[in-house]
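From first to last, the protein sequence lines are chains W and D.
Each residue of the first sequence is one higher than the one before, starting from 1 at the first, in the numbering used here.
Each residue of the second sequence is one higher than the one before, starting from 1 at the first, in the numbering used here.
Quick caveat, the hints were computed from the structure, so don't treat them as lab data.
There could be a bad hint or two in this list.
Stated by the list, open to error - Below, computed lysine-lysine pairings styled on DSS-like, alpha-carbon distance capped at 25 angstroms:
1) Lys171(D) <-> Lys108(W)
2) Lys190(D) <-> Lys176(W)
3) Lys176(W) <-> Lys303(D)
4) Lys329(D) <-> Lys171(D)
5) Lys268(D) <-> Lys338(D)
6) Lys169(W) <-> Lys190(D)
7) Lys84(W) <-> Lys303(D)
8) Lys171(D) <-> Lys84(W)
9) Lys367(D) <-> Lys169(W)
10) Lys190(D) <-> Lys167(W)
What the hints assert, rightly or not - Covered by chain D, per the in silico footprint, the following chain W stretches (three or more residues, Cβ under 8 angstroms):
11) 51 to 58
12) 86 to 99
13) 164 to 178
By construction, the Cβ of each residue, glycine as well, lies at the ideal position given by its N, Cα and C atoms.
Each chain is listed here by its residues.
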Amino acid sequence: MIVKRNELTWFERLYLPALVGGLKVTARHFFNNITGKTKVTQQYPEEPTKVLPGYRGAPYLVRDQDGATKCVSCQLCEFICPPKAIRMTPPGAAGQPADRPNAEKMPKEFEINMLRCIFCGLCQEVCPEEAIFLKSDFSLTGLARGEMVYNKEKLLALGGTHGGVQKWKHKLEEAKEQETFPVKV
Amino acid sequence: MSAPATTEAKLAAATAPASPPLAEKIKIKVDGREVEVPKMMPNWQGKLEPTTMLQACQIAGHEVPHYCYHPKLPVAGNCRMCLVEFGTPQMGPDRKPVLNQDGTPKVAKAVLPYEPSTCRGAIACATPISPGMEIYPNSAATKQMREAVLESLLINHPLDCSICDQAGECKLQEYSVEHGQSQSSFVEAKVHKPKAVDLGPRIVLDDERCILCTRCIRFTKDIAGDDALGIVNRGSYNTIAAWKPGAFDNNYTLNTVDICPVGALTSKDFRFQMRVWFMKETKSLCTSCGTGCNIIVGSREEKIYRYEPRQNDAVNACWMCDHGRLNYKWIGRGDRLKKCGVRGAGCGVTDSDWSTVLKGVSETLAKAPHGSTAIVASARQTNEELFLLKKLATKLGALTDSVPRTGQGDHLLVDEDKNPNSNGARLTGIAFTEMGINLPKIAEGIAAGRIKTLIVFGEDVTRHGLDPSLLARLDTLIVSDILPNRTTALAHYLLPGCAHAEKRGTFTNTKGRVQKFMKAVEAPGDARPEWEFLHELMHNVTGQNGFSTIEGLFNQMAAEVPGFAGLEWAKLGETGVTVQI
């Protein structure tokens, strides 16, 4: 393909107007910067970064609107986790029952090694209980490797609350309704 | 539990080797392909019965999905999952087959009597085949029936897979993915049934998950001989229950957990312990008695979580007893012997390493005068280990014996002999005559000062006539064991050994079945398989080279021990070979 080159006009051939135009842009930014009208340098970490929704930060465990642990220790996240950062200890038969009635179980211990985690979000995707979410935290620091393994307590504290459908509660309510006769359907 | 006398015959028949295929075969078509199948096939008791469509499809390589059907249980035909479309040769009014234009018999698909456009399926598990029959396990009508049956089965199912122990090995999950549909037309509230019901000391029942296939009821009634379970209530309130709350208690209850196709019956021992998909499954043997039930060891990260029976029709069919199944926790005990030990002058046993201990033992044995040694082996050891010990005994002129261990047997699988390898001890010559007959002689020899060195493997001899004061008279006491006991505390040389789940080897059961087992987990600490260090000891004491692999060692044993003549490690397969005992 042959591109046709247009002849420059006489004004363009003068060269100086374009140079002045460029200097004008530079000068505008210069003045805006020194007067504080625009800001290009973010004073991190004094000035926190705004994280957009959908950002994949550190995975934390969440509680439901009643404050109960949502995780039921199904271990799907542990299974799917590509770098094997998640490690769960199931409750066993004699373990502590779940915070919510009817959900039967919750993990005895839940550990995420944040040094191993690659923030891929597969744990959140696979979770059938909406119990683990990749939150907005991206800067995780610690003084020792051990500190970077977050346990259940820490993960729940950091995760906060995430509402949603309370299926175990609804199932229990449904079951209780059926105990009175005639059965409501 | 009192069982009818006939159950023994039932199991004997069920566990008998499959009878030779009968000459009489009939031709049918499965999915358009002609196959020849035997007219009669063994049923759950091993008796010949007309071949069913399900068996014929299996022969043709088509797996028909099923819940209530189990090859070792009587056919109930209640889950309807195995419904298939089929056709039979059409008969004319003259009772002669109607022919197509090309001369082949015309096959009429089974249809509803007043709705000839609708297929009438038949349950493959209970419908016998007939000559010329055509089965369509993959037709559109069959698929539609499966979808409909699954939808019905899921109507009251709670779909709580995330908290269900069965998830990962659940037939309802598998078939829903394979044959089901993603949506249900059922919009009403599900019927809620009792959850976490205490059915017996080892079983938890979740009634909501139950699909009422009655496998558990049939197993406990017809195989275990304890008619403890049944269905109560009516219609969609149908519920499995024990005759009295918590009364499902026989020695075979946990088999119902295995055969339960869903997560209704779960084991209390395994409840919420580990998800099944993490489990490494290793083919092994149960060591709790002489029956030698074939098992699968489920382990994860060197921890054993469960034993499950593995099908071997010559030994245990598909079952195992609860006692054997739950007898695995000792393997992971914290007080396992993990370090070699040497007893210094005057003080107790101090930790040592293998090179020191093996050197010390080899030197002691090489110096020991002929006949001044005795060996107490264990019938819990493998054939190979007993064979090496016998070779050592022959070299040293040692008196050998093992410890008999008897208990109560039962009508089904539990044997009176509580040693897993008594026949191995007999065949290798460790306890050639009656087991335990040489123990008093060994005690006498030590008391008289004739026996100066005693080698003990896997037994606490202080409980079998050789009390500590007697053992104190020995010059050298060499002990190999798994768990600490009074004998290991007195040892001059302590060699930590392995549980069967931590090594490979073979056992010979009470009926002479030589079966091999594989390694499931790593041994703790410095513990090593006994045959490995016995091989080294043999080399040091006799100067002969042996085999450093279990395969080679087994084949050497088969060549040298007449009882195992003709066997080969590779030919043992997964279910073993029977030898004459």
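Now the hints, each set against the structure:
1. Lys171(D) <-> Lys108(W): Given that 25 angstroms is the threshold and the Cα spacing comes to 28 angstroms, the pair is violated.
2. Lys190(D) <-> Lys176(W): Roughly 12 angstroms between the alpha carbons, so the hint for Lys190(D) and Lys176(W) holds.
3. Lys176(W) <-> Lys303(D): Cα-Cα ~40 angstroms, so violated.
4. Lys329(D) <-> Lys171(D): violated (29 angstroms)
5. Lys268(D) <-> Lys338(D): Not satisfied, since the Cα-Cα distance of roughly 30 angstroms exceeds 25 angstroms.
6. Lys169(W) <-> Lys190(D): Holds. Lys169(W) to Lys190(D) sits at ~14 angstroms (cutoff 25 angstroms).
7. Lys84(W) <-> Lys303(D): holds (18 angstroms)
8. Lys171(D) <-> Lys84(W): Violated - the C-alpha atoms of Lys84(W) and Lys171(D) are around 28 angstroms apart, more than 25 angstroms.
9. Lys367(D) <-> Lys169(W): violated (76 angstroms)
10. Lys190(D) <-> Lys167(W): It holds: about 13 angstroms lies between the C-alpha atoms, which stays within 25 angstroms.
11. 51 to 58: violated (count 0)
12. 86 to 99: holds (count 5)
13. 164 to 178: holds (count 5)
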